[in-house]
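Participant: Sequence lines, in order, name chains G and F.
Using the working numbering, the letters of the first sequence correspond one by one to residues 1 to 314.
Using the working numbering, the letters of the second sequence correspond one by one to residues 315 to 628.
Since the hints were made in silico from the structure, they are not lab data.
Please note: incorrect hints may appear among the correct ones.
Said to hold, decoys possible - Only some residues are given here: those of chain F computed to face chain G with a beta carbon under 10 Å:
| hint | residue |
| --- | --- |
| 1 | Asp-405 |
| 2 | Glu-413 |
| 3 | Thr-591 |
Note that the Cβ used here is the ideal one computed from N, Cα and C, for glycine as well.
There are 2 protein chains.
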Amino acid sequence: MITVLSGGVGGAKLALGLYHALPRGDLTAIVNTGDDFVHLGLPISPDVDTMLYTLADLNNEELGWGRRDETWTFMDVTASLGGADWFRLGDGDLALHVERARRLGRGETLSEVVAAVADAWGIHARILPMTDDRVATVVATKEHGVLPFQEYFVQHRCAPTVTQIAFEDGTTAAPAPGVVDALAGANVVVIAPSNPYLSVDPILAVPGLRTALERTNAPVVAVSPIVGGAAIKGPAAKIMGELGIEVSPAAVARHYDGLIDGFILDRLDNKLRDMITVPCLVTDTIMTSLADKERLARELLDFAADLPRKEREP
Amino acid sequence: MITVLSGGVGGAKLALGLYHALPRGDLTAIVNTGDDFVHLGLPISPDVDTMLYTLADLNNEELGWGRRDETWTFMDVTASLGGADWFRLGDGDLALHVERARRLGRGETLSEVVAAVADAWGIHARILPMTDDRVATVVATKEHGVLPFQEYFVQHRCAPTVTQIAFEDGTTAAPAPGVVDALAGANVVVIAPSNPYLSVDPILAVPGLRTALERTNAPVVAVSPIVGGAAIKGPAAKIMGELGIEVSPAAVARHYDGLIDGFILDRLDNKLRDMITVPCLVTDTIMTSLADKERLARELLDFAADLPRKEREP
Numbered sequence: 001m002i003t004v005l006s007g008g009v010g011g012a013k014l015a016l017g018l019y020h021a022l023p024r025g026d027l028t029a030i031v032n033t034g035d036d037f038v039h040l041g042l043p044i045s046p047d048v049d050t051m052l053y054t055l056a057d058l059n060n061e062e063l064g065w066g067r068r069d070e071t072w073t074f075m076d077v078t079a080s081l082g083g084a085d086w087f088r089l090g091d092g093d094l095a096l097h098v099e100r101a102r103r104l105g106r107g108e109t110l111s112e113v114v115a116a117v118a119d120a121w122g123i124h125a126r127i128l129p130m131t132d133d134r135v136a137t138v139v140a141t142k143e144h145g146v147l148p149f150q151e152y153f154v155q156h157r158c159a160p161t162v163t164q165i166a167f168e169d170g171t172t173a174a175p176a177p178g179v180v181d182a183l184a185g186a187n188v189v190v191i192a193p194s195n196p197y198l199s200v201d202p203i204l205a206v207p208g209l210r211t212a213l214e215r216t217n218a219p220v221v222a223v224s225p226i227v228g229g230a231a232i233k234g235p236a237a238k239i240m241g242e243l244g245i246e247v248s249p250a251a252v253a254r255h256y257d258g259l260i261d262g263f264i265l266d267r268l269d270n271k272l273r274d275m276i277t278v279p280c281l282v283t284d285t286i287m288t289s290l291a292d293k294e295r296l297a298r299e300l301l302d303f304a305a306d307l308p309r310k311e312r313e314p
Numbered sequence: 315m316i317t318v319l320s321g322g323v324g325g326a327k328l329a330l331g332l333y334h335a336l337p338r339g340d341l342t343a344i345v346n347t348g349d350d351f352v353h354l355g356l357p358i359s360p361d362v363d364t365m366l367y368t369l370a371d372l373n374n375e376e377l378g379w380g381r382r383d384e385t386w387t388f389m390d391v392t393a394s395l396g397g398a399d400w401f402r403l404g405d406g407d408l409a410l411h412v413e414r415a416r417r418l419g420r421g422e423t424l425s426e427v428v429a430a431v432a433d434a435w436g437i438h439a440r441i442l443p444m445t446d447d448r449v450a451t452v453v454a455t456k457e458h459g460v461l462p463f464q465e466y467f468v469q470h471r472c473a474p475t476v477t478q479i480a481f482e483d484g485t486t487a488a489p490a491p492g493v494v495d496a497l498a499g500a501n502v503v504v505i506a507p508s509n510p511y512l513s514v515d516p517i518l519a520v521p522g523l524r525t526a527l528e529r530t531n532a533p534v535v536a537v538s539p540i541v542g543g544a545a546i547k548g549p550a551a552k553i554m555g556e557l558g559i560e561v562s563p564a565a566v567a568r569h570y571d572g573l574i575d576g577f578i579l580d581r582l583d584n585k586l587r588d589m590i591t592v593p594c595l596v597t598d599t600i601m602t603s604l605a606d607k608e609r610l611a612r613e614l615l616d617f618a619a620d621l622p623r624k625e626r627e628p
């Protein structure tokens with residue numbers, strides 16, 4: 001059983017590689033919900049939805065988000081009504097949000113909704129939201145004060161200077177059902193090449209999850225989202241610069257200090273491996289094709305299997 | 315000022331004719347909301363929406379309902395999620411329902427929502443839902459017992475035999491703001507060629523509206539939805555047969571006995587004019603083109619102007 005901690009697109013790529021590399025049913029993805037928000041009255045879970053679309057082979061690779069074969073009539077008409085159109089909701093994507101709203105409205109949890117959708121789309125992995133409670137990532141910026149995540153990320157296109165990142169309601173949330181067990185009972189835990197600050201930290205902010213990760217007997221392996229001094233995708237490098245953190249895989253490995261047993265970095269950063277205190281695998285980490293994803297997943301699993309066994313108190 | 319009482323498609327055709335025949339701002343449409351229901355968690359107002367689409371020149375004439383240039387991606391994905399797809403919601407249509415849900419959710423009334431949409435789409439008529447409260451048309455059938463309207467109309471395609479029609483919560487609803495004044499203050503009131511039992515009766519069932527119609531000083535003119543022994547559209551003729559009512563314009567005129575001062579029937583039914591006790595206009599009532607609609611509207615207005623003045627107690 002392999003458990004991967006993931007945000008959206010970058011993490012979902014590795015999750016897809018693991019999904020193809022592993023026997024049916026062996027993958028569990030614990031997905032960030034700190035980006036979740038309500039838009040046009042509909043609850044949206046961007047990272048969970050990206051994971052659903054990716055594993056169901058429905059994701060839009062051209063856009064890098066949303067569904068493939070998407071149409072945009074809803075958005076056009078919403079704009080004609082004076083509605084907010086800064087967050088683009090495709091017509092097919094909307095079906096997921098309407099279905100989620102309907103199910104949450106009758107008392108189901110987000111976990112239950114996601115399980116039902118995954119089942120309807122024939123996904124043979126478990127996709128677990130990190131929590132069924134509200135944990136909202138907020139970004140303190142120099143220019144605009146504190147912004148809800150999607151306003152920072154989509155409306156302001158990550159342009160404002162980040163001074164701090166926080167997780168509202170992070171102290172009262174509980175892990176979603178199955179999440180702690182998926183960490184405790186895993187054979188390998190993977191921290192996907194997602195944004196450490198915006199995608200992985202919210203997961204670790206859910207009370208109990210950092211401890212569960214510290215205590216698992218499984219080897220924990222992180223994959224660097226930073227390659228050659230830049231982020232593969234998204235604002236990770238920009239944020240590291242703004243927070244005064246060196247933009248390097250070594251800084252990412254330090255960020256996960258005490259949590260990880262192994263680290264994977266790109267060949268481009270081979271010279272940095274000696275700055276990392278846990279065992280490293282240096283390989284090609286840019287995942288373009290499905291073959292890239294599956295190869296990295298298999299290398300990761302082999303690497304994890306070869307890591308020294310942890311010594312734990314019983 | 316002209317006020318028209320209307321259901322969906324048939325009534326909206328005449329309303330569109332009046333809209334073009336009258337000076338800007340002179341038309342008020344009081345629209346049936348007995349068909350309203352909640353679907354996939356979204357509040358839908360089929361007749362109000364048809365009126366909005368028709369007057370905004372956005373209606374789908376091929377389908378006879380919904381928006382033109384519609385796409386159906388939402389419905390396809392909803393079906394893939396196992397969601398109900400018996401009531402087809404187009405992607406553009408959905409924007410109206412999501413916007414209504416959002417506005418109702420923050421405490422606006424249906425009247426306010428409709429006014430905002432009409433304004434956004436540049437409609438220079440007042441479209442008034444008959445009530446902002448719930449009045450639900452239900453259809454008692456021989457085969458399936460009592461059915462909510464949309465289950466009868468869409469899911470069962472009007473196939474079951476109707477034994478009775480009733481309006482749930484019809485005793486506690488209040489007319490929407492402006493509705494009583496639009497009847498009292500009109501120069502002419504028109505009962506559109508909508509289904510008398512399913513579209514006009516729910517309006518008359520809203521407490522106060524039948525009385526307001528009886529008391530208005532304006533001439534009240536109804537247009538027959540029955541032509542040549544059949545309904546122009548929809549189940550009106552079938553229902554009349556099932557309820558033991560003769561399928562004829564004369565029966566429609568009798569249905570409005572005490573309410574109307576004039577009646578318009580089609581040339582095809584010329585021989586029936588002597589069976590009708592109010593003054594009649596016999597003309598072409600089938601509205602195919604916009605020119606047809608506008609011509610009928612102008613004839614109606616001329617006819618109403620020539621009707622004998624009502625004698626009322628002060």
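Participant: Taking the hints in turn, state whether each one holds.
Facilitator: Here is what the structure says about each hint:
The interface hint given for Asp-405(F) holds, since its Cβ lies 4 Å from the closest Cβ of chain G, which is under the 10 Å cut-off. Among the interface hints, the one on Glu-413(F) holds; its C-beta lies about 5 Å from the nearest C-beta in chain G, closer than the 10 Å criterion. The criterion of a C-beta within 10 Å of any C-beta in chain G is not met by Thr-591(F), whose closest approach is roughly 46 Å, and the hint is violated.
Of the hints listed earlier, the one the structure fails to meet is number 3.
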